[in-house]
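Chemist: Given chain A, put chains B and C in place with the hints provided.
Residue numbers (this note's numbering), protein chains in the order written: chain A, 100 to 279; chain B, 129 to 327; chain C, 991 to 1180.
One thing to keep in mind: the hints can contain errors.
To be verified - Once the Cα atoms are required to be at most 27 Å apart in a straight line, the calculated BS3-like pairs of lysine-lysine come out as: (1) A:Lys105 <-> B:Lys188; (2) A:Lys129 <-> A:Lys145; (3) C:Lys1116 <-> A:Lys139.
What the hints assert, rightly or not - Only some residues are given here: those of chain B computed to face chain A with a beta carbon under 8 Å: (4) Ile194; (5) Pro197; (6) Ile198.
Honestly, the hints are just simulated from the structure, not real lab data. Beta carbons are placed, not taken as given, at the ideal position from N, Cα and C, and that holds for glycine.
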Amino acid sequence: MRDIIKLGLILLIITAVSAGALSITNDITKEIIDEKALEKNLAYMKEILPDADDFELTDDPGILSVDGVEEVYEALQGGNISGYVIKTITSGYGGGVTILTGINVDGTIVAIRVASQTETPELGTKIAEDEFGSQFEGLSAEKELKLNEDVDQVSGATVSSRAAINGVNASIELFNNVLK
Amino acid sequence: MNVRKVFADGLIFNNPILVQMVGMCPTLAVSNTAMNGFGMGLAATAVLIGSNIVISMLRKVTPDEIRIPIFIVVIATFVTMIEMVVHAYFTALYDALGIFLPLIVVNCIILARAEAFAFKNSVFKSAVDGLGNGLGFTLALTILAAIRELFGSGSIFGKTVMWGSYEPMSIIVQPSGGFLVLGLLLAIFATFTAKKASV
Amino acid sequence: MSLFVIIVSGILINNYVLSRILGICPFLGVSKQVETAAGMSMAVTFVMTLAGTITWLAQRFVLDRLGLEYMQTVTFILIIAALVQFVEMVIQKTSPTLYQSLGIYLPLITTNCAVLGVSILNIKEKFGLIETIVNSAASAIGFSLAIILFAGIRERLELSNIPEAFKGFPIALFTASLMSLAFLGFAGLV
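Isolated chain A (complex conformation) (with noise of 0.2 Å):
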């Protein structure tokens, strides 16, 4: 019995100290990878919002309330907020897909961005192409779109696009809900 114990206490005291490596590590670079994402997304958020010339990150504590909103930017032209780009993440094929949401003030789609995605390549991955994307262009953010009536899907690739639609359902109900 005490040799199992013993046993135990040194896998213990061994996952401790790998617990401690980690913890420091992770905090030496958490700082950098947000800062690289952070890059990532104003780059895309320039392209949706090209009169914006700020981006500020809310902590509203409300975009919380929509599953699958991670974060939320707003856009400021002279100090007014001229739109949201809102971030979202929702289960595709291969994983998550990032969709970057840009709503003007008024209720119109701007434009949207898949950030980052791991789809079928030549299938999945069409979601990212402008033949898709650019559909969402001008539409109203009144209520839910609904896929194959408002928006076509990538024909073969069902879940990457509903994946696609349904990041951009959930900013349209943040946006109506929460930021209007």
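Modeler: Chains B and C in isolation, oriented as in the chain A frame:
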């Protein structure tokens, strides 16, 4: 066993991929571009050297009964550390390697070297063994990846190499092509070493 | 994702061995005979389904709650190692013949990247508990399908006339290449 032999064994004569035939999963999956293969190889080498060193340092105080779980914790710790570093400083590689970065922890090479070498040898020799095997893995992986990238995308390390009208055989950079090219490579290597042995 | 899509995807479209390239070591190592392959598949299916579920629970109720997400790799692999030990003991007691024929490949399930792979993917795809269980089982069935089919072909290959250089792994890899090519046809099914 002198240090030079330890290194040469890992690099060539006991090459992880071509001779020991371990670590197949990442070999087939990340060898679609030379850069990915090379990056994966270096990441795995870093983990291998780190874990070999630590396991060798702990070998006198490690109870035999729980040595495998301890190896696993040490290896997993290094893998997670490398994961974080790659994510922070080599984000493109991180995205490309995807799930295979954390999967380095179950790369049989690392556990095999821990069990077969690091647990029984000095810290310095273990580090060299890690370096040799790691570089051997990287070498074979990069060559395989370069071949696949060359014929499958017409480029090497991202630089287009093939003539303009070359139509890349994109199947080569898909899983199916991976199996094919590795099989060919192994057959060629086998013929080569058989000839050497019979000479 | 509907459960039906998860099942079809796990078994056919994103087959762990032939599409995702996970679980290759046992795929190449334990596929010389259909019987051994079948035994191995059952063990792997059991471990994968259980491991996927337990790791999901660990992530949800321990790692996430304590903000220890970076301990995922360490925790998951320890859970899997413990599970495999447990399965080993069970098989040794209930079927010594199976235990003998699986040999070293049984403890090697720990390093089967498909098991750790499915655990990580369940979290990445943000599955709920039911979806996790279904996905783990479906992926395992996909693995079993691939390995048993492969064993069937390899058994036949043993009796064929193969050039010296291609014997063993090379011809096996060519076969796998063709199987993977065939399974590509399932892409875009859903």
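Chemist: Does each hint fit the structure? Answer for all of them.
Modeler: Hints, verified against the model:
1. A:Lys105 <-> B:Lys188: Holds, because 16 Å separates the two Cα atoms, which is no more than 27 Å.
2. A:Lys129 <-> A:Lys145: 24 Å, holds
3. C:Lys1116 <-> A:Lys139: 23 Å, holds
4. Ile194: 5 Å, holds
5. Pro197: Because about 6 Å separates Pro197 (chain B) from the closest Cβ in chain A, which is inside the 8 Å limit, the hint holds.
6. Ile198: 6 Å, holds
Hint compliance for this structure: no hint is broken.
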